[in-house]
Amino acid sequence: MAEVPEPTHRRRSHAGTRDLERYAGLFAERTGVMRSSAMRDLMAITARPEVISLAGGLPDTSTFPPQSFAAQMTRIAQESAAKALQYGPTEGFEETKDCILEVMGAEGMLPDPDDIIVTTGGQQAIDLVCKTLIDPGDVVICEAPTYPGAIPTLCSYQADVVQVECDEDGMQVEVLEELLAELRSEGRRPKFIYSVPSFQNPAGVTMSLQRRRRLVELARTEELLVVEDNPYGLLRYGGEPLPPLYQLDGGDFVIYLGTFSKILSPGIRLGWAVAPPPVMEKIVLGKQAADLCTSTLTQYFVREYFAERRWQLYVDDLVEIYRRRRDTMVEALRDNFPAEATWTEPEGGLFIWATLPDYIDTSDLLAKALRADVAFVPGQAAYVDGRGSHSMRLNFSGVDEDEIREGVRRIGKVIAEQVELYGALTGEVPLPEPEEESAPNVFPFRKAGEAG
Amino acid sequence: MKVAVLKGGRSLERGVSLRSGARVEDALERLGHEVLPIDVGADLVKRLVAERPDVAFVAMHGIGGEDGTVQELLEILGIPFTGPGAAACARCMDKVQGKDAIELAGLPTPQWFAFNQTAFREFGAADALGRLEETLGFPLVVKPSRGGSSLGVKFARSAGEVPQALVSAFSYDDRVLLERFVDGRELAVSILGDEPLPVVEAILLEGDRYDFEARYEIGRTRFDVPADLSAEEHRAVTEAALGTYGALGCTGFARIDLILASDGPWLLEANAIPGLTDTSLLPQAAEAAGLSFEQLVERILDLALTPQGVS
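Residue numbers (this note's numbering), protein chains in the order written: chain F, 1 to 452; chain C, 1001 to 1311.
Excised from the complex, chain C in its bound form (with noise of 0.2 angstroms):
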């Protein structure tokens, strides 16, 4: 089968992406594949049409690739691809449509408010400031709607530090939220077609639990799989996955994540492709499950070819 391998892109997770797209290129070589890497520019389309792949494994991140633009125009080519679709991806990719959703679909996420900078520009939102923080509490979550990693994502301990945090978050995306801060376990749950995964946790190992990057250091933090959770815990974190991924409308795959608090899993944010690279979770977790890298992507492959519909 010829598979175009998409990756690379604009986007400012480019550099997580070649290294997503180089694995799966092996795996799918190995697999007795025919690869076409594409690293996706302003020629994707005329290549695309020249190309004619069969099927196209997206492993792009972060705005471009994962907001639903690819999709959008491989729904558009007529040629099949891996993950959820362009709508899923569009929801997903915004973490405030993605709450939006969540919310509608009875699950529980952490309390929030979502601001564009137009609100701030032009009609004084800073005053609403005082009363939302009053609602959220402290430390509260600053994050660009749009973003992936760690990006951009602050906590802020004070009113005081609700300005720069803020300042931060709209260096990545128009539009912010403030949230909820919910103290627990960091779980992740990749689903593959309609199966959860078993669940990885992170756990920071050093330095300050407020610093986003030391999450996405190899040695700072240390990811267990399957996570140790009590039977009725695993039930009701993969419930709450599940629900998550079904209200999003993802299809082929996604990454779900969560805090497990005292009272309960609190979902934060679904990711439409999430990493797979070496160590990234989804790969973890599929390996925890008994599938190998190439097994992985075989099966991404086979649920982009027999599409499930939304679940």
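Chain F with its partners taken away, still in its complex shape (with noise of 0.2 angstroms):
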């Protein structure tokens, strides 16, 4: 019954394809890499509020105390208006750089804050990496699967995206240097590697020890950069604390990406890079360009919150939440999915990634799924040429432990409809174990996803 006034000043649309084309002579080469399809209008769809998203990436923020984020923005209202309503500094305040090396301290890091630059949110220190270093044509080694969120980033600085296979130790540095040797071969040095050792985005997979230590001695040895993205290091559930190669490294090869969304806050949107001297240079002179300096507003927020001295509580209140969050998801999946299908279980982060038999398109599932009100990410989203399709992410931070036993259950219901009609049509019984090797995009990993 509630009238709901549309919005009077919406920008008009064109008139015509005239317009269209008129606009499109003017696009730059790099916008015909950014590329629209029908599967991220499916996405679309998933914003529906009867739909279980297992899809997004949101971390909770529900538990973070309103009194407490009430009592930071008055004191900031009283004490600092003017200044935080003001222009900062393009590296950001110190009080920030302090509450970093906090962050970074707690994982055993301590780095120069004068190699720190605070940014809006990790994906700018992203896209200002890319803006520093990546011509077009040039070679960036990227996880298979990689962070979709990363793809139109590389894409748009036009990368030449090159994907390295995971398994479950993470990156396959082993392959990577085959990789490297054939580059070399053909003349060309890739720019840098991205990866996301710990807890990765979208495999769920945490680079071993040896890997790490030999990653950061290749970046050593070949004189390349690593980029090392971070997002989840403190949201560790089980297992063993590995060291970042940021650590390992000491800093000469690896730039290292932060962020304060997965432990405080994503509206807030404030990440930040650490990267050699010459390099950080490079990066202020880009992010004056972009935005002159990261909002004042949540800096002065973050520092608040910092002196409160309550992060590190706030972040073990998450790993608990997350934890049994995990567990019940890891239950759920045992529960119902196909004994062919496997899934990582993850040592902390926000995700899991599930491998379905090679005849199951995940793009495809997505349309039966969203019919059954649930939905993820299709594997395709995290890889540059098509492959993955067989899998996809889930994500078990973003909703609560009903919701993942019911979303996980629906789309078992979906794969498990799909599984007896393959059977039916071809007049094979699924194997409860299938052949190891198949399609290339199956993710290697029989281990965890053992279903009874």
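Just to be clear, a hint being listed does not mean it is correct.
[Said to hold, decoys possible] Among the chain C residues that face chain F by a calculated CB cut under 10 angstroms, a handful are:
1. Ser1011
2. Leu1012
3. Phe1120
4. Glu1122
5. Ala1125
6. Gly1147
7. Gly1152
8. Lys1154
9. Arg1157
10. Pro1163
11. Leu1166
12. Phe1170
13. Tyr1172
Quick caveat, the hints were computed from the structure, so don't treat them as lab data.
Keep in mind that this is a model prediction, so the values were computed, not measured.
Note that beta-carbon positions come from the ideal geometry of N, C-alpha and C, so glycine has one too.
Dock chain one against chain two, each of which comes alone in its own frame, and use the hints as you go.
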């Protein structure tokens, strides 16, 4: 019954194709690789309220105490209104860097504050690194699968993205070495290697210590840059903490990216990059050109928040919540996914990566799942070359345990229908264990996901 | 005039529909109409009854908005609406029904076989696959019977690829068809009232011709309007499209998709509510005919208010 007035100042759309062509004639070449697709349209439906979305990557912000939020903002208004409403330094405030030092210190890192720049979210840090390092056609190496949000950034700088397969111990550094040799023989040198070594998005896997050491050593001997993206490092629910690449390397060949999004709030859009001084100098210039400085107001908020000295307790709370949600999702997968499916059991982070039999295309499955009011991210989103079509990314941080159980149950049901149908189509009774090799995009995890 | 613009809904093509709807709303405002935008949901009938629009502009795509459901409701409520009526929409949305009607009218459509899931699950239809693959040859096209854009459409290049393609197509609908692949130029004929608009040709610029996604991505497919056709080809193509429009009982507008092969046009399907976004084919065709988007919208409204009946 509510009469919601439509906004009256919507931008008018343009009259016709001639207009479109007129603009298109002005587009930069790089926009050619920025693509929209039917799948993206499909994702628009996941926002319907009745849909249980395991597709997002949202941290839970519901437990952040509103009174604490209110108190900090009030304090800022009373004590530093003029400054909080003013521009700030491009590199970010020293006080914000102190908070960053605390967060990085919690994982054993101790960077020079001068090597740090505060960015508008971790995403801007990725963008600035690309802006600083990539010329069109330059090779950039990523994990396979890789963070889906990094792909549009890399593509918009026209990088030639090459992906190196992961297994349960993260990026296969042995394969990386072969790739580097191959590239060298072609006279090509990758500009950087992008990795999320801990609780990777989307695969949920963590790079082993041995591989971390080897990767850092490779970077040093070959004088390559590694971009370590570590949004989830402090969200560990089991196993022993591993040293970040930055710590192993000392910061000579590793550019480190961090964020407050997963330990405090993504809404404040606060992240950072740590880079060797010559690289940082260019990143700062790039940042200046992009947005002059990161929000002063939210930097003040972080300063006030850290002054309460409760941030680690809040992270501990989140870890408890997420651990239960991860356990719930793993249990639900065991109960509801077919025997042929495999999945990762992450020791931290926000995501599980599940791989289905190779006759199921998860983009198509999403259409069926949406009719059952549940959503996930089809695996193709994590590859540049169309692979990943039998896998899916499932998020367990953004919804509660009941919704996780129900969401996974619904996905399990639509998968079971497709498995049964395939059996009827081929006369094959689905095997409890598929052959080991099959298509190259089957993520090679058999260990964690053996369903009963 | 008070015009309700029906858009969105729950279909898989919600995103396109919202873009179509927004563009139509702008045009209607510029034309001086009172616009009532409705993102279609459970309160649709209540809102229509309360608001009593003079006419409804249906800018919905896919199941629910393009299959006759919304049209049926509008017919019951006695609100004139744009585009084909409920029965015609149902025939257009369902490719099997549509192809039946096309064939019945004596028009050429690629040979096909249709199955529902029950046939495979309960009657062992898989055992008939070999026979029909022999009839249709390879590559063959597997499509969900009801579905828009390229969703769920797959090519199978060999018998081994057929089951997987069927599993994908069955993700969108309980009925699928396997269709002979016809090699030729991909054409779309939009019809406004009973006038064919200039023919649009889709030319794949890069990538695999069997990759349907590519056809809908800006930059990977070029659209030529009007298509470069000889007078003879043009006549054959528009006649086939008009015949299809009539056979399906379309009124108002529709877009007919076909392949022009060396032996003439082969009709694939009709879209009862073609996209109206700034990259959609109907507006492009209208523009090539000298109609601005506002003029197109006005004409569509006129047609809704003075029904022509089935031609």
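Legend entry - Hint check, failures only: 9
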